[in-house]
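S.K.: One-letter residues, chain by chain:
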Amino acid sequence: MASNGRKADTVTLTIDGREVAVPRGTSLLQAAAALGIEVPHYCYHPGLSAPAQCRICLVEVEGAPKLQPSCVTIAQDGQTVHTDSELARGMRQGVLEFYLVNHPLDCPICDMSGECSLQDYVFAEGRERGRAQEPKRVFGRDDFGGDVLYYGDRCVMCTRCVRFMDEVARDSRLTVVERGDRAVIDTFFDSGLDGASFAGNVVDICPVGALVSKDFLHKARAWDLDHAPSVCPNCSQGCNIELHTRDNLVQRLKPRENPEVNGHWMCDYGRSRYEWMNRTGRIERPAMGRGEERSEADWPGTLEALAARLAGNEGEIAIVASPFCSVEALGALSQLAKEAGEAAAAVFRSPRAGDEDPLPGFPLLVRRRDLAPNVDGARLLGYARTGTDDGSGGLDEVAAHRGVVFVLGDDLNDQPDDFGAAADLFVYLGTFDSPAARNADFVLPVTTFAEEEGTFVNAQRRVQRFGQGLRAPGSARPAWLVLGALLAFLKSGKTPANAAEAFAALADEIPALSGMSHESIGPGGVRLEAAHA
Amino acid sequence: MAYPYRHERETRVLSEGFGDPRARTVAGWREFGGYRGIARALEIGRAETIDEVRRSGLRGRGGAGFPTGLKWSFMPKDARRPHYLLCNADESEPGTFKDREIIRWTPHQLIEGCLVGSYAIGASHCYIYLRGEFFESNQIMARALEEAYREGIVGKDILGSGVDIDITLHVGAGAYICGEETGLMNSLEGRRGEPRIKPPFPAAVGAFGMPTTINNVETLAATAHILRHGGDWYRQWGTDKSPGTKLFCVSGHVNRPGNYELPLGFPLMELIEDICGGMREGRALKAVIPGGSSVPVMSADECRDCSLCYEGVEAAGSMLGCASVIVMDETADIVRQVRRMAQFYAHESCGQCTPCREGTAWATRILRRIEDGRGTEDDLDTLLQISDQMTGTTICVLSDSLAAPVISSIRKFREDYLALVRRGERVGVA
Ligand SMILES: Cc1cc2nc3c(=O)[nH]c(=O)nc-3n(C[C@H](O)[C@H](O)[C@H](O)COP(=O)(O)O)c2cc1C
Ligand code: SF4
Ligand code: SF4
Ligand code: SF4
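Protein chains in written order, with my numbering: chain A, 1 to 533; chain B, 1 to 430.
Hints are computed from structural coordinates only; laboratory data are not their basis. Heads up, the beta-carbon is just placed ideally off N, CA and C, and yes, glycines get one too. Everything hinted at is true.
Just the calculated beta-carbon pair ranges, DEER-fashion:
hint, chain 1, residue 1, chain 2, residue 2, range
1, B, GLU311, A, ARG131, 34 to 40 Å
2, B, MET269, A, GLU19, 54 to 60 Å
3, B, PRO199, A, PHE189, 32 to 38 Å
4, B, PRO199, A, ALA530, 36 to 42 Å
5, A, ARG137, B, ARG36, 51 to 57 Å
Make a model of the complete structure from these sequences and hints.
M.R.: Here it is as structure tokens:
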């Protein structure tokens, strides 16, 4: 204890025989978590208030007359806590049995099966056999609107969903109706969750299969999904997410916690836009030749031929790149252009929403106007915005450019067939063929962000890494690899072996990135300014 | 109209005006000595008012018996934020019908109590939260309040003292859980009637987030008299630990059920035999629930020497609660009675806490099965275990309130259960 009369800002207590020091004000549940002890809980969620109503987190505190809810009991100096005593375990077993009195146990057809807290806790500590014999009460299924379905029979009445809408979305659209074991969650009148922009989060935080996504319904079993850490590509907020994939298809996006970016949440706009990552009909092989003369080739031959053209280039270079491309790809392209000639233009186009959509209870999270993940990265690397707010137009000069034209990741959908017809050399690095690419001398298949590793810079100027969730189709390669190989030809240097090396090459040359590396960025990202502070 | 429940051995402090319609007007209530308590309180000041109540030893009549003066002293002394007094008139505990009588016969007695309490804790606003089904009481109370406002007794500058105290009558929608103090606060604020976790306690964060004291109708009514006559005067009745008089709501198999005001410590058997005219048709006593349905059942044996004060009933194995004495004779079907109570709690559980939400409903289903002759002895163990897990594990004590009658009835009347379990035989008919 500090002797100056002020209270020390940490307290030391003993939980299950182990000592732990935690900041004053920490709950017993969090203090236990610091020791790696999970106290089972349903109503408690770190992003919400704690109503202490599920009563499964009760623990034994020496000296207290009865078991204490660990989610709201604040750790005290010198306290001795037992989360695993006979009393605490017996209580948990009792609460679990209470839950099962009315729970349908329809795990075989429940989407939550495999990642359900009720299933997990009952499996770990429940009674072998329940003693309830009477028929269970039945509510059936309710369409809450938006992407959300409610299976009342499975609900454990933790009210996380109600509190999310009240406290975080600040858009009270869910409530508890009735009382006792007739209590259910319901929406007000008919509007339900339709039009709410963050409601998908209630599905994530529902600890059981009571709230499920219509989109994901019966699509995959939890244990068949692979999880890849990623960053939402659908706006420049860059919410940290996971890609959940099966059979090389993205099945759903889930938020990944990052207190500085998105908390535990993500928006419905971003969450629902993943189908494009699964789109088929991709360019799978490199090709050379304009129009009728086009023919597929292998990578070494293609790159060699292109490198030779670039080495002999004398024209100015115009670039159109997409802010859906990584820092590594955009950076490699501008380095390549620098190496191969004078720059004429470097532009990007990106759709912009009419307004922003902030999450009131977690104001750091804003669905941004820029509906692409790396607008700030593109700017940082010297690309300028062009075109209109729907992401089209603005390419008249590039379309008629006479020197070298590079197009990276922009599929030129709005552009005329004679795009690039006047160019000496037109290189198209893309995922889909496009009529406007018919004049390309080289068509190079590249991967989407979901098929590669890399980084984006979000609207907070935070550099964030994303991982690979899907295998690339055919012989598509990450753009940083293709461009890195070309650069290696031109400079007789080394092709980067991975995205981290591609990033390192940039960090050496671009002051804003100097000193940063994939390792220093880590899973949570780093702000550009912070890296230099 | 004479009040039907009268007995010469009663001590009428609170019930003096019962049955006399004059007591419903300001002038009439003044004839009963009314509004002198608040006048004296205003004279002696806040601190002295609390001291007077503390001296009286008055304990809360809402069920828990918490010392009223002490409760009032928990309120912050400064006036930086509004303070509120809540008068709990939700009276929904099965077997209880005393607050209703205070309100419908002597509404000004309650108004005076509310003024005393508000003044003592520095509240300029008091809410009376009235049970939704009390239509007659609602009308009478509303009329009395209107008159009190007109007479300058409530509102601005009450009784010319310079003190402002408003009283608002708020009618609930008829939910037992809204009688629990923090459930009441949520309901008053327009939220679901769900009890809050404590801490924070109401004296720190109560209604509308402000320091709040909540008292039962009978508690507040008693403070009007205590202020008029002094705390020592109140102590002439009752025991050291349970001073004063109390309204006893007697129901069940007695000849004259009703509301009787008696000094605390009055012998239970005399209440039954003398005041209530004995058991109906001379039958034998089987069981008593002394404090409303939430307390343990007492066997006839336990009743023998029980005196009706907080410590006396506790010594006899139950609790005085709000002194709602439910008397059952030898024809009573205990299992059915307990099932009926369980059904009440299952219906009234707010549903927040898992042990209460699921436990009350499950216990009811098991009890019904036993009642229907389809139970087993294992069911009794299950019931005892469920009840144990419903005790001391939830946000409020509604959960414990079901557990108490279940546990006590299985312990004390196991034979009744076994008869049903073993032979499908019902004991009793009522
Ligand atoms: C489920 C439940 C219901 C209650 N109902 C009432 C009620 O109807 N009236 C009442 O005065 N107290 C009721 N109480 C007790 C109150 O919570 C509170 O203790 C009381 O109003 C305090 O007043 P007192 O100190 O004057 O007794 C109830 C308590 C619980 C747990
Ligand atoms: S629907 Fe899910 S989150 Fe909402 S109360 Fe039920 S179990 Fe909790
Ligand atoms: S706010 Fe932006 S980054 Fe976050 S989930 Fe929505 S679209 Fe994706
Ligand atoms: S014990 Fe029952 S009534 Fe009380 S708060 Fe919990 S669920 Fe509601």
